[in-house]
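> Working from the sequences, and respecting the hints, build out all of it.
Protein chains in written order, with the numbering used here: chain A, 1 to 488; chain B, 489 to 588; chain C, 589 to 1234; chain D, 1235 to 1412; chain E, 1413 to 1915.
Treat the hints as calculated values from the structure; they're not laboratory data.
Errors might be hidden in some of the hints.
The calculated lysine-lysine pairs, modelled on DSS-like cross-linking and capped at a C-alpha distance of 30 Å, are [what the hints assert, rightly or not]: (1) E:1853 - C:750; (2) C:1165 - C:750; (3) C:1165 - E:1518.
Computed footprint of chain B on chain C, listed as stretches where at least three residues anywhere in the stretch have a Cβ under 8 Å from a Cβ of chain B [unchecked claim]: (4) 697-705; (5) 889-902.
Don't be surprised by glycine CBs; every beta carbon is placed ideally from N, CA and C.
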Amino acid sequence: MNPAADAVQTIPQGVEYIRILPEIVLSIFGMIIMLLDPLMDERRSQRTLGSVALVGSLAAIAATLYQSQHPGLGFWNMVNVDSFSTFFHFLVTSVTAVVILTSYEYMEVQQIRAGEYYGLILLGAVGMCLMSSAVELVLIFIALEISSISTYILAGFRRRAAISSEASVKYFLLGSFATAFFLYGVALMFGATGSTSITAIGQVLRSGPAPLLAYVAIALMLVGLGFKIAAAPFHIWTPDVYEGAPAPIVGFMSTAPKAAVFAVLLRILFEAHAPGTFWLIWVGAALSMTIGNIAALVQHNIKRLLAYSSIAHAGYLLVAFATLPNNGIPAAMFYTAAYAAMNVGAFAVISHFAGAGERYVTLEDYAGLGRQSPLLAAMLTIFLLSLIGIPVTGGFFAKFYVFSAALQANLVGLTIIGVLNSAVGAYYYLRIIVVMYMREAREEVPLSSVPLGLGVALTASLVATIYLGVLPGRVLDYASQSVAALAR
Amino acid sequence: MVPVSYYLVLSGILFACGVTGFLIKRNIITIFMSIELMLNGVNLSFVAFAAHWHALSGQVFVFFVMVVAAAEAAVGLAIIIAVYRTRETLNVDRVNLLKL
Amino acid sequence: MTPNLHLWLIPLLPLVGAAINGIFGRRFSRQTTAAVALGFCGAAFAIVLGVAARFSSLTLPHSEFFASWIRAGDFQADFAFYLDQLSLIMLLVVTGVGFLIHIYSVGYMWEEGGFSRFFSYLNLFMFFMLTLVLANNYLLMFIGWEGVGLASYLLIGFWFTKDSAASAGKKAFIVNRIGDFGFLIALFLMIQHFRSLNFETVFQSASSLPSETAGAGLLTAIGLLLMVGAAGKSAQIPLYVWLPDAMEGPTPVSALIHAATMVTAGVYMVARSHVIFDRAPMALTVVAITGTLTALFAATIGIAQTDIKKVLAYSTISQLGYMFMACGVAAYSAGIFHLMTHAFFKGLLFLAAGSVIHAVGGEQDMRRMGGLKEHVPWTFWTMTAATFAIAGFPPFAGFFSKDEILWRASQVNLVYWGIGVFTAFLTSFYMFRLWFLTFFGENRGEQPAGHGGHGHGNIHESPKVMLVPLVLLAFLSVTGGWIGSQRFEKFLAPVFHAHYAEQAGSEASEITGHAGSELIFTVISVGAAGLGLYLAWLLYRRRPQLPQQIADVLGGFYRAVANKYYVDELYAILFVKPLVDGSARLLWHGIDQGVIDATLDNGAEGARDVSDTVRRMQSGNLRSYAGWVAMGAAAVIAYMIWMGTR
Amino acid sequence: MLHLILFLFFGAICVAGAVNLLVQSHPINSALSLVAVMGSLAVEYLLLGAEFVAAVQVIVYAGAIMVLFVFVIMLLNAGEEERTGGSRVALLLGVPGMLIGSGLVAWVLLEHSGTGEVAAGALPGPPKIIGWLLFHDFLLPFEVTSILVLIAIMGAVVLASHPETPQQTNSQQTRKEG
Amino acid sequence: MSTLDSAILTLVTFIPLAGGLLLLLFPRRDRDIRVFALVVSLLTFVLSLHLPAHFQRAQAGFQYETDQLWISSPNIHYHMGVDGIAMWLVVLTTFLMPLCVLISWKSIHERVKEFFILLLILETALIGVFVSLDLFLFYFFWEATLIPMALLIGMYGHERRVYAAVKFFLYTMIASVFMLAAIIWLYAHTGSFDFVVIRDKIASGAVPNFATAANWLFLGFFVAFAVKVPLFPVHTWLPDAHMEAPTAGSVLLAGVLLKMGTYGMLRFNLGLFPEQSRANASWIMVLALIGIIYGALVAMVQPNMKKLIAYSSISHLGFVVLGIFSFTQAGLDGATFVMLAHGVSTGALFMLAGILYERRHTYAIADFGGLATPMPRYATFFLFLVLASVGLPLLNGFVGEFLVLSGAFRTRAVYGVLGATGVIWSACYLLWMYQRVFFGKVTHEVNQSLPDLDLRERTALLPTAVAALVMGVAPMLWLDAIDPAVQSTLAPFAHLMSKVVGR
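Okay, here's the thing in structure tokens:
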């Protein structure tokens, strides 16, 4: 970055547009969908719009790959494209693609006809992508709002179901509540350091003892972000929202926005060098793991169960934040990727299985799935095993990296809590497997054959889960490159 | 001359009032208004800090917040309408199908 | 270069027979089965005879190594055989008597189901017994030791549809196992201290240790543990309880296993280990006391038994007691001598009893017999010979061996001798009681009305194939002792005295020195036997109503004796019941289910409760959620401010 | 001095409006209180010199957003608030939490904000400079907000519109099943 | 070294998996599936025979090694190799598997395809456990055994199968988490998962903080293994799991899965933490003894044949642990031998129980009685294997137990003595059970007409009987490979011994 060049520059250079290329691509496709929607016959629009959205997300993936060749800052230090943000861009866009594939069938079965659905997913993804590349708090805030507001709406998309709109309103109100905290934190951080640029804040905070105001600011920002990643004690919205929201959307919002918020958290904690957060993270991690796992033990609704599981996983992930950046950052990044792969996959199965009006989402409904649809059951089993953390699935290495980072930082206590928790957690995932294979179906659950789109989505998640479990090295190596950028 | 911290405290009070409103009000619309109140409080902080740092960017942020608030308001009120359609109530205490 | 005797053939031949009959026997005719069984057993006998013929040309002890069995670290056990005078005698007895009993069994079992199974087991027994006898190390001996136990289990439970037979087999095996437990521990001690179980190595090491006269030490411990094993196998107090029950097996089995061969394995083992016992006087004393008490105890029970085989069983226990008494006073050769003669006459007694039972169609209660003398003359006369032999009347075989034991016991302690003589009196009494009850007087049995299995209708003499062994054994029972204890001892001397025992010379001189006093003791013991005969005649021939009167007078004591002193019941109350009940109630239901699983279940239940509590947080009310968030925010802010002001 | 008086006066109106928002049980009253808060806040902005912000505050916030609120209140015919006691947690945890948190923050702001005093109109924010900032330094956020607005429009359209026809068939089905 | 030698372990490990995956493509014609599973398992067995056939018996270290970098970060290697101990356990696994297929031929008639797929996957995982020399690889296979096994129990089991499956899974899962923590610690402090590397580093004292953590690490590994063994008091999952498992599941559970625990102790607890093993040996041996006696006593009073055999496994595995922690050559040789012998004879006993279940759909001892009359062949096989299990000399049970006990006795006499009581107990419970099932008159009319063993069942049982006999008569075939491996395992104890005991 050359300050002199920066000063004279009045309009962004071409390469800077490349640095927001995935966002641009996603926005364009989002808008295309918006424009196409009213022009098309309602009945056939779903397919076409979905395909457009898929193409958009694939194009965004391509754009991400292209973008990775052009690292650097852009738009007057607003965005920073480096391996870190590329990683998350790739993650978010991939998840978007898979969720879109999952949604084809789901939308038809639920008889939801709204082209806006895909538009919202794509535009929401813009926010998530931006969150990971933004290095300015206000931009982060706006990006966060983009992703949040689109998910508020998406959560309420099953408008015929009372629980869906309830989920939406709960999510919306609490989400806005939390964003307000985050925003207040941004304001105070601005007050404490005179800047909202993460780099500049980092310089200030590194240069000497941080002003007390900065501590408060960080506290407030952590409240806001903690809410978004569903870390205890701010996890409380998760089960309700996950239960009410449409299944593919739950898969989406439990992974992509979360990953993006984790990216923000990483930037704030490591790049901005937020002081004094260690025990906060420690307690948050321990609480999240414990509460998530314990509360999940007795759940019957599978979506709700996975909601608690996502709280627990947020806890595992937070463990990485309490460690040293050298190991912690790659571990956390890997975890988000692995979690995304397995959770999106699991929700893809759930979406397929839920049936019209999401009637079949309780554990009992899964009885006999192993017999009825062995392949689907096997896939769900693998995703669940990955969530448990059985080797040769991504979930194992995710936990492995996190805990070994923790042990290298001598966080023995936290590691033990985490390890015990993952043992407890095994129980409720196992319950699903048990029900699928070992219980006889009480009523015949109608089950259509797996359509192509869903099949591709499932296969992609499965391949990703297994790939991360068998050859985690490349992904981890890539993630490790970010260490230099984030932790100087 | 007025200490900047007065402004800050005022903003803090507004924020706290917003939080309190969220906690004690039953009507969803009023709760949403409380959130707007919180955002307004934050805005005051931005402006006050802008004055402190002599940085106009602080004022610029307020615009962004306003846009966000507007967008939120549009979406939020739409969601509230949707909820009202299915539940025929605006009392949050009655919007509790999802629990445990 | 010592010649290779192919000793492995001796045990292996019966094994092959067992295998052939076991696998293909179902398809064989009875003749084929019998031919196979007798052929292989006879072949073994023939080889033993061949060995005996070449015996004088061998350098003894003669060892043959065949294969290494177990090697772990510095421990090694081999398939290797060991032949000396002692094992030769045992071999002769086992194969000889065994062969005769095989022959007898052909007749006895001819009409039973499972003919091939029976001979397969019988041959299997021969295999293990011969292994036991020929082993050159304790572990190989242990194979035989356990193996004969197995064969015994199988044969006792031969009529497995009879619950009592099945139980008796199991009891025999388990009680034997208790003895084996002691044996095993002894082996461990040897491994630990001598690093080997080879006889020669062990004895070499043991003989280099000083005699433990002052206090109990390693050798005493080994000796006592070996004695536990021997007590199990040879039915000594307190482990004798299985033997009477073992009479549930077919009679030839009782003759072969529970009289002639297997039960004497304990004696053989003690004699074989004499190097150890010689240096452990305390262990030796225990052996002697056990033997003496068992001899007396079993004899008293024998008096009141009414089952012909049970009488013989207790008599066996009693006679085994004699043998242990002999070993206990370090008169090993006397013990072995008695072992041999006992094999003859007790084998004969059982076979004859079997012939009687056969004759009366399966009846075993002596009270239902009587007057059989005319019906089964061959049986009667052979049995008579055996009875006189066991009672110790000269010149029958039993006289020589028993007399030798008593005399040697008297040299150590007169109490042994006294009890021995009294036991001899009791022996004579109950044996003649049996004799009179069975063969004399009126037939008290109900007229056998076409009893299915035998189907002859009338009391009848046994077929020739059964009588030939009877006659041969009768001959041996009469003449078996004529070899004379002195000559016998001299033959065995290399085993018991040659390189190990240092007081060999002095003892030999003692034997010759006290010929005069020996005569007195002999007269006394023969007199005791005669008294027994008279009393039996008086009670069961002259005044048959008298026993009942005596029994009435004795009352409780008689009942105790008739019920074998309630030992079985005592064991049941003391050991079996507490173990079974304790295991079921305390361990299984108590600890397993009550403690461990309950803890786990409660833990799971607790986790559920906690889980339920935790999810109460999720009240569904938005404002509550905001409350949590606010509280959490306050906590975070407070913490961060604290961090900032520190 | 005048600055302080004006600050306190309008600050008092602000706080009073905020408290009134909480106290009023009819949403329309709360909405009007909020308008009062926003209006007086605009004055506070003016005091700090942020004239453009003040203007936008009145136009966008008080003018547009609050109208939307009032519109919805009217649309849904929202009446008096019910006094339901749905949540003890909010009172037992939330309110103390709020008090502790805001007390601490207020203390920090008063004692450790690191800020000095400020004169009236200390930092004028004329539209020109603000505009330059918006289209230069903050170009990207500015553009991105358009996406946000787009989403808001889409969302509002989707959510506020009546659910499509299948609703009837579906509800009929459920009725039949019931 | 020929190419086959370096690839053999990979082949043996993964052929079953490949077979399982191929089965996925099969149409649902049950017969074809069964035949194919049999062929695959037989092929694996034949291939695995290459191991003992070309094993350098005198050599102590690992053989047939392959070592390839798998994942660079963390530093995970595809490192496989066997010593004499592991080799025989591999062969045991491959030996039992065709029998399992045979024994499941008819008893599994629903979801046949899934059953055999699970079985084959399980085989791969089991073999993998024994051949892995990389801790990560080991942990992977370790966990991988859990799932197919739990599914086998849960899908094909009896009434309380779900409870049993969950109990099994959770028990072992929770315990193995401790091992994972220990493995991660080791990795974090040595930078390697390689067993040999870590062992050498520990031995040379090159691991930072090892002294403080060592005991915890030892316990982490130990807990995981102890549950698997299972050692008193964490054994209660076993009876339930056996009770509910299908026959093949029980055979593998008792035959191989439990050995994973004892193998783990032998390889990892002793291999990595000799000092801690020594320090903890006394209470572990006490637990093993409790297991021996307690398991036997509880077995004695079981009214259910399968549960009885299950408790007998607890007793037998107690011998193994006793032997391992005796730190004597004989003890470890014996422990390894008991593992193999128990696998054969108890596996066979479970097959026998399963055969009976197929006919009568009950395991309750009280439902039988006098079976020797209608089913003489069956009774003969049963007796033979009972005797093998009881530890009759010349059958496989004896050699191992004898060596274990003599080893334990050498370490501390009272342990040997108490352990030797197991000899009595085993006779008690097995013979009592045998008597109640086979002897006496036929008490239930249904049992009168039970068919005897058919050809398939005999084919499945005969190898176990032959193996039981051969192992008893010629144990050297096995021991001469085991002995050097044990010797090298015990090498670090030699100087410890002199240090601690002063002997």
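> Quickly compare the C-alpha distance for residue 1853 (chain E) and residue 750 (chain C) to 30 Å and report which way the hint goes.
Holds, at roughly 7 Å.
> Can you take a look at whether the segment 697-705 of chain C is actually covered by chain B? Rule is 3+ residues, C-beta closer than 8 Å.
With 0 residues close enough to chain B, the hint is violated.
> Does residue 1165 (chain C) pair with residue 750 (chain C) here, judged by a C-alpha cut-off of 30 Å?
23 Å, holds
> CA of residue 1165 (chain C) to CA of residue 1518 (chain E), is that 30 Å or under?
Status violated; Cα separation ~41 Å.
> Closer than 8 Å Cβ to Cβ for three or more residues is the test here. Does the segment 889-902 of chain C pass it with chain B?
This one is violated; 0 residues, fewer than the three required, reach chain B with a Cβ under 8 Å.
Checked against the numbered hints listed earlier, the structure breaks hints 3, 4, 5; every other hint is satisfied.
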